[in-house]
Amino acid sequence: MASSVVNRRAPAVRAWSPQRVYLLLSIFPISFFGLFLLWPMARVIVRSFWEPSPGLQNFVHIATMGPYVAVFGATLQIAAAVTLICLVVAYPFAYLASRLHGVAFKIYVGLVLIPLWTSVVVRSFAWMVLFQRNGVINDALMWMNLIDQPIRLLQTPLSVGVGMVHIMLPFMILPIVTSMRSVDPVLIRAGAILGAGPFRLFFRVYLPLTLPGVTAGILLVFIGSLGFYITPALLGGARSTMIAVLIRQQASEMLNWPLASALSTTLLVVTLLFFVAFTRLTRRFNEALG
Amino acid sequence: VALSNLEGDYIVATRSRKRVDRRHFLKVALSASAAGAVFAPYVARAQAAEIIVATSGGKLEEAFSVAYYEPFTKKTGIKIVKATTEYAKLKAMVDAGAPEWDVAQVSADQAAVFSRQKLLEPFDLSLFDKEALLPGVLFDDYVIVDLAAAVIAWNTKSVPADKAPRTWADVWNLERIKGDRAFWKQASETLEIALLADGVEPSKLYPLDVDRAFRSLDKIKKNITWWTAGAQSVQLLTSGETPVGYSWNGRLYEPRTKGAPVDFHFNQSLFVADSFLMPKGVRRKREAMQFIAFALQPENQANFSRAIPYGPVAKKALTLLDAQTLALLPSSEENFPKGTLQNGAWWAENGAKANERFNSWIIS
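In the order they appear, the protein sequences are chains S and G.
According to my numbering, the first sequence is numbered sequentially starting from 1.
According to my numbering, the second sequence is numbered sequentially starting from 1.
Please keep in mind that the hints were generated in silico from the structure rather than gathered at the bench.
Here a beta-carbon is modelled for each residue, glycine too, at the ideal position from N, C-alpha and C.
Hints should not be assumed to be uniformly reliable.
Unchecked claim - If you want the ones that stay clear, here's a sample from chain S, every Cβ over 10 angstroms from chain G, calculated:
1) 31
2) 33
3) 128
4) 180
5) 234
6) 255
7) 257
To be verified - Which residues of chain G face chain S? A few of them, derived with a C-beta cut under 7 angstroms, are:
8) 87
9) 118
10) 121
11) 167
12) 223
13) 225
14) 226
15) 238
16) 332
17) 333
18) 348
19) 352
20) 359
21) 362
22) 363
Okay, chain S solo, but in the shape it has when bound (with noise of 0.2 angstroms):
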């Protein structure tokens, strides 16, 4: 009551300043991440040193027993490799994107965001009817008499790569174009006037200038592909088990919390150890690009 009373005193400006307004906006989005991303990560660390007694038995049994250290490997190896085609793919189709204006470049966006507007789980079962023996892959492979009997597609590192890609692709696709759109041609005019070819004009001046879109499309496709799950699990063989399998069996079937906390640490920290690393690179790259 007292502050109030003191406040109708004080100029109206003052009591809507903008640094309080960002405040007053900000305590939203902060508490909600605090409240429920922050804590809940917090315990799900502290748990995983914690319990069942403190100490670090529980990355002792991750790094010696089971398959983890395994299944780490080839969920790194799985989410570089989606990565780098995503990569080679998107960055000619999204420099298409970018030369292209008004209702072109709407059909192009909307055929890029149409398959992020469909459920993971349908696509992928999609990908199973397209890739089984009798499915729609083999049956034009016979008739094109490339091959006499039906060859096995699912469930190899091509069904997993391809339903990946698939779903990853707009995330790198959408901030290259971003990126490339907003790349001034009037400096690439610049650099051909000064006489550099079209070599030199892509690797001097094109792609610098598009480099951040590129790095925010590789960190998107890259993490998001380590925490994949319905994906192999669907379209991959034996070998394709993701680490995020394993986290959800110690967590729901298990119940083995302590266990499944480890290893969310550790992929977290797997995760963040690859984001300082990336983002180090990139800074040394672009500063020798200069």
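We have chain S already, so just place chain G on it with the hints.
This is chain G only, laid out in the frame that chain S set:
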């Protein structure tokens, strides 16, 4: 040790086909927690107006509704509020001391895990007539309410009738049936069939000889296509991607009826089950117990089996069903002796190790 719906409708190997209706779930969760928080302390004596029953949803829940929920409400006036079972959530709510569900349907092997971790409310066993039930279905804190069967299944187009597999040993026979076998990518149930294929007597199945099971699996390792979702097993078998494999009777029944080229039988099947239980510290125990006992009444059990081809556990229920229905049920007098009931307690005890070994084996 089956599945969950941790990922919403990312169906992960459920015996019971499930469909998660998020909006409904949210509505239920909100009304339930509000009603619970406000009224629970004061209505301990009076009869609760409703209880919350969590299930895996889908067709199983539809059958529960027809056979148990509606008649129960009619008889007692107690409404059933539907919710979705999530195993990790059950542990979380018991740990927090505030179970939201009064009754949960959980696969029997998972129920044994909960029981072992002391997350369940003990039953009032005086409400049950043990003699009226099949042997091995009633426990101190959970009860099996229906039986499904993990069965030998094959594609009738890829496998000629004279080569159709009669036993798991036939499934293991790479000469008899060429091509891949479709198996579930997890230890539970897979180790059992590997031992049956290797000639272990069903009566001597437990405790499982894990070493022998892996040796048996090694023989066909290269010819296995692993599935992770129940729907996937049906897809693999009906399309002929895998000529032969393993699935559940409840899953295969419908495609077979609709004319898909797939067949199965109950020979050497492994009975897996759904159970009812109460989370520890359940708020409306009296009504929950009343409901569970009601579900085990023969006429209700019979109605359930008419709605979905899962077998009743009340002995008398079988006498109420016609021959056509009985032929489809794992627990009928004809089919029950052909299979073995899975021992959930063994898995609760040894599942963690067996699964870890399975996960290592499969990627090696």
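A quick look at each hint next to the structure:
1. 31: Holds: least Cβ distance 21 angstroms, greater than 10 angstroms.
2. 33: 21 angstroms, holds
3. 128: 6 angstroms, violated
4. 180: 34 angstroms, holds
5. 234: 6 angstroms, violated
6. 255: 5 angstroms, violated
7. 257: About 7 angstroms separates residue 257(S) from the closest Cβ of chain G, which leaves it inside 10 angstroms; violated.
8. 87: With Cβ-Cβ at 5 angstroms, under 7 angstroms, it holds.
9. 118: Status violated, d = 11 angstroms.
10. 121: 17 angstroms, violated
11. 167: Where the cut-off is 7 angstroms and the nearest Cβ of chain S is about 25 angstroms from residue 167(G), the hint is violated.
12. 223: 11 angstroms, violated
13. 225: Holds - the Cβ of residue 225(G) comes within 7 angstroms of chain S, reaching about 6 angstroms at its closest.
14. 226: 6 angstroms, holds
15. 238: At 10 angstroms from the nearest chain S Cβ, residue 238(G) fails the 7 angstroms test, so the hint is violated.
16. 332: 30 angstroms, violated
17. 333: 33 angstroms, violated
18. 348: 10 angstroms, violated
19. 352: 5 angstroms, holds
20. 359: 4 angstroms, holds
21. 362: It holds, given that the least Cβ distance between residue 362(G) and chain S is near 5 angstroms, below 7 angstroms.
22. 363: Where the cut-off is 7 angstroms and the nearest Cβ of chain S is about 5 angstroms from residue 363(G), the hint holds.
Hint compliance for this structure: hints 3, 5, 6, 7, 9, 10, 11, 12, 15, 16, 17, 18 are broken, all remaining hints hold.
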